[in-house]
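From first to last, the protein sequence lines are chains A and B.
So the mapping is simple: the working numbering equals the position in the first sequence, first residue as 1, plus 54.
So the mapping is simple: the working numbering equals the position in the second sequence, first residue as 1, plus 301.
Where hints are given, some of them may not hold.
Unchecked claim - Computed list of lysine to aspartate or glutamate pairs in EDC-like fashion (alpha-carbon distance at most 20 Å, straight line): (1) A:K274 to A:E364; (2) B:K319 to A:E138; (3) A:K282 to B:E543; (4) B:K520 to A:D349; (5) B:K556 to A:E259; (6) A:K274 to B:E315; (7) B:K520 to A:E260; (8) A:K142 to A:E120; (9) A:K244 to B:E472; (10) A:K235 to A:E138; (11) A:K244 to B:E451; (12) A:K382 to B:D368; (13) A:K281 to A:E364; (14) A:K381 to B:E543; (15) B:K556 to A:D378; (16) A:K102 to A:E67; (17) B:K560 to A:D278; (18) B:K531 to A:E138; (19) B:K469 to A:E183; (20) A:K381 to B:E544; (21) B:K556 to A:E260; (22) A:K382 to B:E544; (23) A:K244 to B:E547; (24) A:K199 to B:D323; (25) B:K469 to A:E250; (26) A:K348 to B:E547; (27) B:K556 to A:D262; (28) B:K520 to A:D205.
None of these hints come from the bench; they were simulated from the model.
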Amino acid sequence: MYKKQILITETIENQISPSYKELLGFGASIHPDGENRILLIIPGQNIKELAEQIAIENNIHTLAVEHEDLRYPNPHLLEKILPEVIRKYMPSNICMMHNVRTCQIAASLSIQIDRPCITGVESYEIQNERSVFTRMMFNGKLIGKTTCKADQFILTIIPGAFCGSFTPDRTIQHEKTEIIKINENASAYKPIRIIETISKDNRLEEADVVVSAGMGIEIKERIDLIKKIASIFSNAAIGGSRIVCDHGWLPYACQIGETGKQVSPKLYIACGISGTMQHTAGMKKSGCIVAINKDPNAPIFSIADYGVVEDLQSFLPILAARYDDRKKNP
Amino acid sequence: MKILVCIKQVVCSESSLKLNPDGKWIQETDSTEFRMNRFDEYALEEALLIKETNPNVTIDVVSVGPDRVKEVIKKGLSKGADNGVHILNEELGYCPPRKIAQQLADYAGKQSYDLILTGVMAEDDMLCQVGPMTAAFLSIPCAVSVVKEEIDMLNRIITVQSEMESGKVEEVVLSLPALLTIQTGINQPRYPSLSNIVRANSQELIVVQESFQDDPTDKVLLLSIDYPAKSSTICILEGSAEEKAEQLLTIFHNKSLLK
Chain A
55 MYKKQILITE TIENQISPSY KELLGFGASI HPDGENRILL IIPGQNIKEL AEQIAIENNI
115 HTLAVEHEDL RYPNPHLLEK ILPEVIRKYM PSNICMMHNV RTCQIAASLS IQIDRPCITG
175 VESYEIQNER SVFTRMMFNG KLIGKTTCKA DQFILTIIPG AFCGSFTPDR TIQHEKTEII
235 KINENASAYK PIRIIETISK DNRLEEADVV VSAGMGIEIK ERIDLIKKIA SIFSNAAIGG
295 SRIVCDHGWL PYACQIGETG KQVSPKLYIA CGISGTMQHT AGMKKSGCIV AINKDPNAPI
355 FSIADYGVVE DLQSFLPILA ARYDDRKKNP
Chain B
302 MKILVCIKQV VCSESSLKLN PDGKWIQETD STEFRMNRFD EYALEEALLI KETNPNVTID
362 VVSVGPDRVK EVIKKGLSKG ADNGVHILNE ELGYCPPRKI AQQLADYAGK QSYDLILTGV
422 MAEDDMLCQV GPMTAAFLSI PCAVSVVKEE IDMLNRIITV QSEMESGKVE EVVLSLPALL
482 TIQTGINQPR YPSLSNIVRA NSQELIVVQE SFQDDPTDKV LLLSIDYPAK SSTICILEGS
542 AEEKAEQLLT IFHNKSLLK
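Given only the sequences and the hints, what does the whole structure look like? Please build it.
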């Protein structure tokens with residue numbers, strides 16, 4: 055018995071996001087006891103050749119959806135075309151890698167095709183023959199387990215959460231790549247251009263150590279404490295969570311996370327950072343993660359290598375003073 | 302021009318969260334603190350900024366929930382919204398986004414709003430679904446994670462910058478009516494003014510009974526919530542603050558990262 059999976063990936067100016075491999079790995083693993091037949095939908099401006107190439111490389115069925123306005127991810131246009139494709143293919147599940155746009159597509163599709171939708175899935179298990187999905191809630195302070203009444207769902211899955219690799223099944227012959235050209239003049243949602251807002255300053259990416267501030271610092275003046283700690287390292291840079299940047303305590307160039315910079319230094323020191331998925335998406339590949347937080351239940355401790363449960367206001371000055379002592383009396 | 306801002310009342314997650322005995326939602330007591338969802342504060346502020354620079358703008362704030370959500374609706378009025386709408390849903394505990402979106406769309410569909418704003422996500426369930434679902438129910442275009450907007454009422458379009466990953470933003474033009482989900486950082490939410498607080502205290506809210514639902518909306522079931530497990534390999538440093546500082550410095554020294 056096989057189950058059909060529709061996987062939807064994204065392209066920007068006909069470049070496919072490399073995360074589609076992770077998506078294939080997830081799609082192939084979701085029903086571990088049976089065969090998973092995959093249809094990978096690749097929307098783009100001029101994407102047919104790429105779709106054929108991916109079909110051959112992975113021995114899967116692909117569908118290219120083409121429209122000029124699909125040169126950027128375009129939820130509005132996809133929402134018009136996907137319900138018909140889904141009705142035709144009748145998949146068990148529809149999965150995407152989680153990001154801002156796919157989340158929009160998932161939610162909107164859920165209404166249009168009347169299927170349950172769970173966004174931001176971090177893990178899943180089968181309990182009593184039912185799929186149970188785990189995801190973060192309450193700014194990461196709690197995790198929730200969610201299921202669907204019907205075992206047919208739309209999911210967006212957190213990048214990096216599933217590391218199952220995809221092995222092409224050469225025993226089956228995949229169907230020929232299909233192509234849908236959309237002729238519609240979609241004027242209600244018109245993509246214009248993509249703007250890079252991130253600074254070209256690469257200090258964060260090149261630093262061996264990133265000392266990062268979260269709302270646990272409480273007041274802007276304590277950025278100085280973060281700077282002081284960064285100064286004890288030979289090659290360190292300062293980063294921050296989105297909310298710290300929203301408050302103007304650090305420039306957006308310092309923002310680490312899903313929508314900011316992605317860093318993987320040898321050492322990441324998270325100071326007063328609760329550790330939501332939006333933040334950890336930008337730092338979880340760091341070599342060593344030290345979390346300093348007064349809340350012992352902060353989710354950052356679920357990915358940290360070393361945890362210090364202390365108040366930053368008192369602890370960081372002690373850390374700096376102890377360093378100075380060591381320098382004076384080596 | 303009519304703007305609707307959809308706001309949610311959420312538990313202050315800075316305070317410690319206690320779970321219900323059945324582990325299905327958080328424990329709500331008399332001392333539980335609630336506030337306006339932080340993302341919705343930015344959505345409301347953006348509406349107020351539009352009102353300041355455009356003539357004839359009215360702003361309605363709407364919230365779905367039990368009696369206590371009146372507080373955030375009043376908060377919206379005290380910041381400068383014109384009318385407050387309360388869609389009464391007596392259920393305490395978790396309400397799935399589909400159900401909220403359906404209630405919002407049922408109400409908004411009868412009112413001909415030019416623009417609907419809400420936050421990118423709710424701080425409690427963090428699903429990012431209510432905005433796009435509401436737009437889907439209403440069949441209007443939607444842009445998510447908006448960090449800048451500019452309205453052209455003459456041509457009935459709105460140009461937005463919609464955030465993507467890794468510091469990219471996409472510029473998109475939407476025809477009105479449209480729904481935007483607003484990202485933090487787009488503005489600096491204001492504090493309520495004294496005159497608006499006085500008005501908010503005396504102004505009646507428009508109360509709408511929850512609309513009839515003919516299909517079961519709880520297709521997604523929240524089974525349980527819990528505290529995140531600590532990393533199984535984490536080393537929690539023990540001792541006095543001074544001892545912890547020494548241990549950290551030794552770790553840093555052994556990695557040859559110190560100056």
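Worksheet item: Does K244 of chain A pair with E472 of chain B here, judged by a C-alpha cut-off of 20 Å?
Response: holds, 9 Å
Worksheet item: Is the Cα-Cα distance between K556 of chain B and D262 of chain A 20 Å or less?
Response: Distance of about 10 Å is within 20 Å: holds.
Worksheet entry | Satisfaction of hint between D349 of chain A and K520 of chain B, Cα-Cα up to 20 Å | Status violated; Cα separation ~34 Å.
Worksheet entry | Holds or violated: K520 of chain B to E260 of chain A, with C-alpha atoms at most 20 Å apart | Not OK: K520 of chain B and E260 of chain A at ~46 Å, beyond 20 Å, violated.
Worksheet entry | 20 Å Cα cutoff - pair K244 of chain A, E547 of chain B | violated, 57 Å
Fill in: Hint consistency between K319 of chain B and E138 of chain A [alpha-carbon to alpha-carbon, up to 20 Å]
Outside the cut-off at roughly 45 Å; violated.
Fill in: Agreement of K382 of chain A and E544 of chain B with the hint, judged by alpha carbon distance not exceeding 20 Å
holds, 18 Å
Worksheet item: Given the hinted pair K556 of chain B and E259 of chain A, is their alpha-carbon gap at most 20 Å?
Response: Given pair K556 of chain B, E259 of chain A holds - Cα atoms ~19 Å apart, limit 20 Å.
Discussion item. What's the verdict on K531 of chain B and E138 of chain A, does the C-alpha distance respect the 20 Å limit or exceed it?
Written reply: With a Cα-Cα distance of about 44 Å, the restraint between K531 of chain B and E138 of chain A is violated, given a limit of 20 Å.
Discussion item. Hint check: K469 of chain B vs E250 of chain A, CA-CA at most 20 Å. Holds or violated?
Written reply: Roughly 5 Å between the alpha carbons, so the hint for K469 of chain B and E250 of chain A holds.
Worksheet entry | Given hint E260 of chain A paired with K556 of chain B - CA-CA distance at most 20 Å | holds, 17 Å
Discussion item. Check whether the Cα positions of K244 of chain A and E451 of chain B lie no farther apart than 20 Å.
Written reply: Roughly 14 Å between the alpha carbons, so the hint for K244 of chain A and E451 of chain B holds.
Checked against the numbered hints above, the structure violates hints 2, 4, 7, 12, 18, 19 and 23; every other hint is satisfied.
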